[in-house]
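Chemist: Now for the letters of each chain:
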Amino acid sequence: SQWGEENLQALSIQEGEDVTMNCSYKTYTTVVHWYRQDSGRGPALIILIRSNEREKRSGRLRATLDTSSQSSSLSITAAQCEDTAVYFCATRGNTGANTGKLTFGHGTILRVHP
Amino acid sequence: EAAVTQSPRSKVAVTGGKVTLSCHQTNNHDYMYWYRQDTGHGLRLIHYSYVADSTEKGDIPDGYKASRPSQENFSLILELASLSQTAVYFCASSEWTYAEQFFGPGTRLTVL
Numbered sequence: 047s048q049w050g051e052e053n054l055q056a057l058s059i060q061e062g063e064d065v066t067m068n069c070s071y072k073t074y075t076t077v078v079h080w081y082r083q084d085s086g087r088g089p090a091l092i093i094l095i096r097s098n099e100r101e102k103r104s105g106r107l108r109a110t111l112d113t114s115s116q117s118s119s120l121s122i123t124a125a126q127c128e129d130t131a132v133y134f135c136a137t138r139g140n141t142g143a144n145t146g147k148l149t150f151g152h153g154t155i156l157r158v159h160p
Numbered sequence: 026e027a028a029v030t031q032s033p034r035s036k037v038a039v040t041g042g043k044v045t046l047s048c049h050q051t052n053n054h055d056y057m058y059w060y061r062q063d064t065g066h067g068l069r070l071i072h073y074s075y076v077a078d079s080t081e082k083g084d085i086p087d088g089y090k091a092s093r094p095s096q097e098n099f100s101l102i103l104e105l106a107s108l109s110q111t112a113v114y115f116c117a118s119s120e121w122t123y124a125e126q127f128f129g130p131g132t133r134l135t136v137l
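Going down the list, the protein sequences come from chains A and B. The first sequence begins at 47 in the numbering used here and counts up one residue at a time. The second sequence begins at 26 in the numbering used here and counts up one residue at a time.
Just chain A, with the same shape it has in the complex:
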């Protein structure tokens, strides 16, 4: 498996709180993508971080990547109700038949309550 053994996770927080979602991967990658999937819709890329970046920010989003431990995190500052969604991390293959292919983790269900 590309991923660690964690199953789909669910987080429930109050509006205004900060939240961090984690994922780990087994196969070497040079970039980690974070996707957001709203109910009834396809995933949409929200931030990506490359292996030469330890941290990447975009608005209230912050992604980190630790290539030595093969793990990445996505943090949302001051979460809002509209942040409620499923968040996936995905790695990009760069060798052989996996070149360019995205491999998705199981995802984290985030619910932000008013």
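Among the hints, erroneous ones may be present.
[Unchecked claim] Simulated restraints on C-beta separations: (1) 55(A) with 39(B): 30 to 38 Å; (2) 63(A) with 123(B): 31 to 39 Å; (3) 61(A) with 66(B): 22 to 30 Å; (4) 57(A) with 107(B): 13 to 21 Å; (5) 103(A) with 90(B): 40 to 48 Å; (6) 90(B) with 142(A): 43 to 51 Å; (7) 72(A) with 39(B): 25 to 33 Å; (8) 65(B) with 96(A): 25 to 33 Å; (9) 57(A) with 90(B): 35 to 43 Å; (10) 125(B) with 112(A): 48 to 56 Å; (11) 121(B) with 63(A): 34 to 42 Å.
Derived from the structure by calculation, the hints contain no laboratory data. Every residue, glycine too, gets a C-beta built ideally from N, C-alpha and C.
Put chain B on the given structure of chain A with help from the hints.
Modeler: Only chain B this time, still in chain A's reference frame:
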């Protein structure tokens, strides 16, 4: 803005029947993909294509065929639908292999 559409949005099929899922993109992208998503899991790649009239196997191609008759259209075909193929299917497109993938809204397939 990038646009990937899928039809139908939902479908109920009988075991052993033939199912065709369609995808259309207006992005002028060369690459198109079919993924399936099972409840509680991420997306898994079934087939992809980087040029019209050519398709490639993804990670879970068994039981599926794909067809790319034009740059804009990419179909996923289940010749003999099975219960295990009940899932949500997503189509995506990208400009090239390492570019961002843009996803369609998905097709919910239920095989009874």
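Chemist: Identify every previously stated hint that the structure contradicts and give their numbers, smallest first.
Modeler: 4, 6, 7, 10
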